[in-house]
Amino acid sequence: MSDPSRPLPSLKELDTKPFWEATKQQQLTFQECEDCGEVVFYPRAHCTACLGRSLRWRTSRGEGAIYTWSVVRQSYHPFFRTRVPYAVAWIDLDEGPRLLSNVVGVGDPATDVEVGQRVRVEWEVHEELSIPLFRPI
Amino acid sequence: MGRDRTAAIVGIHEYPSRDVEGAVSPLQIKAECAARALADAGLGWGDVDALYDAGDGGMMSGLTLAEYFGLHPRVIDTTMVGGSSYEFHAIHARRDIAAGRAKVALLSYGSTAHSNAFAIGVGGMGGRGVPGPADNMETFAGSTLVANYAMVARRHMHDYGTTSEQLAEIPVATRLHAMRNPEAVAAMQALEFLDIRETRIADVVGSRMIADPLHLLECCMISDGGGAVVIASPEVARDCDKPPVWILGGAEATQYRENGGDITTTAAAQSGPAAFAEAGVAPGDVDVAMIYDSFSITVLAILEDLGFCKKGEGGSWVEGGRLRFDRPQDGPALNTDGGGLSSNHPGMRGIFLLIESARQLRGTSTSQVEGASLAVAHGNGGMLGSRHSGGSVILGRN
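If you're matching them up, the sequences are chains A and B in order.
Counting from 43, one number per residue, gives the positions in the first sequence under the numbering used here.
Counting from 2, one number per residue, gives the positions in the second sequence under the numbering used here.
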């Protein structure tokens, strides 16, 4: 039996498909409404502020700050149980989107992660897409 | 004080066992609880004309359960918003009774989460098939349900200086109440809790970390269980066996992750004030607060949002054992049955908030608040740190 692997996003989910397709080129994208300027994230086909349908894709610089975080110490998931303890965090990208990810490249996640900490995207490459993880700058 | 007489809880039953060892099904639990709650009210199957359910019967739950129970309801409502579904059902039942569409509403719940070894708190997120867009953006990170709530606690600590010791006041209070409730003690025994006794702050913050900053004793149990509630019109309630517990007001809300949003503010900030306004009462009037205690932080944030104290001041507000049943002068008693933390949490606890509120307002709780006349039941469904529902129900003694 092969090692358990990270659960990957589906490319069949139509709202988020363009986001995940862009990750193959390691582009971290989000939507902005051309009518009202609202940043829309997670991706959708409509603007959540004005209901407009003219959303354009923008590419983030991939930097932001940790809004909040936790350390997962117990998981029954076949992949994640092999990874504990690890840090999960809501990350506020500088352009506005808030996304859930992992903070990597820290010694002890319980002491080396903090609210407000600056982080930069780092890609975990898979066959059809890449996973955006974040490392302290 | 507004005293609406539109609809009342007239029958209740909480399934006593928390570990059925796989020998009883969720539907069997529901049917038994429904029958006993009807008997509690002095009613029978033939009296029920409205059925409320949160999906225990599957995708066509309203249809499946009508047949399973043997009912021909005139109103069917299968609102499913997680653990707060039963507060939503109570609000809808009151609305349907007020509209003249129903006279006797049946709410029920059954679950064998424990027997199924369903690792609700620390299982992986996501399921089969094509996920929804939100899940498709989040599952890869391997957050757990506990970590989801823990991230609310972390931000609350950051913004307001809240401490783990302050959060620990919540499980300490609910454990005190649980030790006075024989069914809760039996539940902890059945689920093989290691140390079944009253706890102190140091016990909570000294228990192992599950997802920082939440410790084991800040997390609810996973049990089997179920319950039922019968809500009736004033005409029916007058002739029931038990004193009616009136639904004085109620309101619903959702809250979800938003770019730049405040993760520490819950749906209760919308539903709480609306429910109190409808009932014509204020948080300061409340004797009993039945608040969904999936985790310590759930209660702390909701206490603030319901208006018991200012936003951010929950930590200092709960200090010193304020939430105990025997300190009515200090504000409401919290989860006097022992709560999800120490009595009963089969996955969706909302129905027990209504049941224990009714016990208190009948004067039959094992941690009875002296002279209790007003209770709030606030259910929380989904996940506090990403997307959740909130249902606030204000209940009053006859």
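If you are wondering where the hints come from, they were derived from the structure by calculation, not from laboratory data.
Treat the hints loosely; a few may be bogus.
Covered, in the sense of this in silico footprint (three residues per stretch, anywhere, with C-beta under 8 Å from a C-beta of chain A), are these stretches of chain B [said to hold, decoys possible]: (1) 16 to 26; (2) 133 to 145; (3) 153 to 160; (4) 332 to 346.
A virtual CB, placed ideally from N, CA and C, is assigned to each residue, including glycine.
Taking the hints in turn, this is what the structure says about them:
Judged by the Cβ-Cβ criterion of 8 Å, the segment 16 to 26 of chain B is not covered by chain A as claimed, because only 0 of its residues qualify and three are needed. Residues of the segment 133 to 145 of chain B lying with their CB closer than 8 Å to a CB of chain A number 12, which satisfies the three-residue condition for coverage. Beta-carbon proximity to chain A at under 8 Å applies to 4 residues in the segment 153 to 160 of chain B; the threshold of 3 is reached and the given coverage holds. As drawn, the segment 332 to 346 of chain B meets chain A at 0 residues by the rule of a beta-carbon pair under 8 Å; below three, the given contact is violated.
Violation of the numbered hints given earlier is confined to hints 1, 4; the remaining hints are satisfied by the structure.
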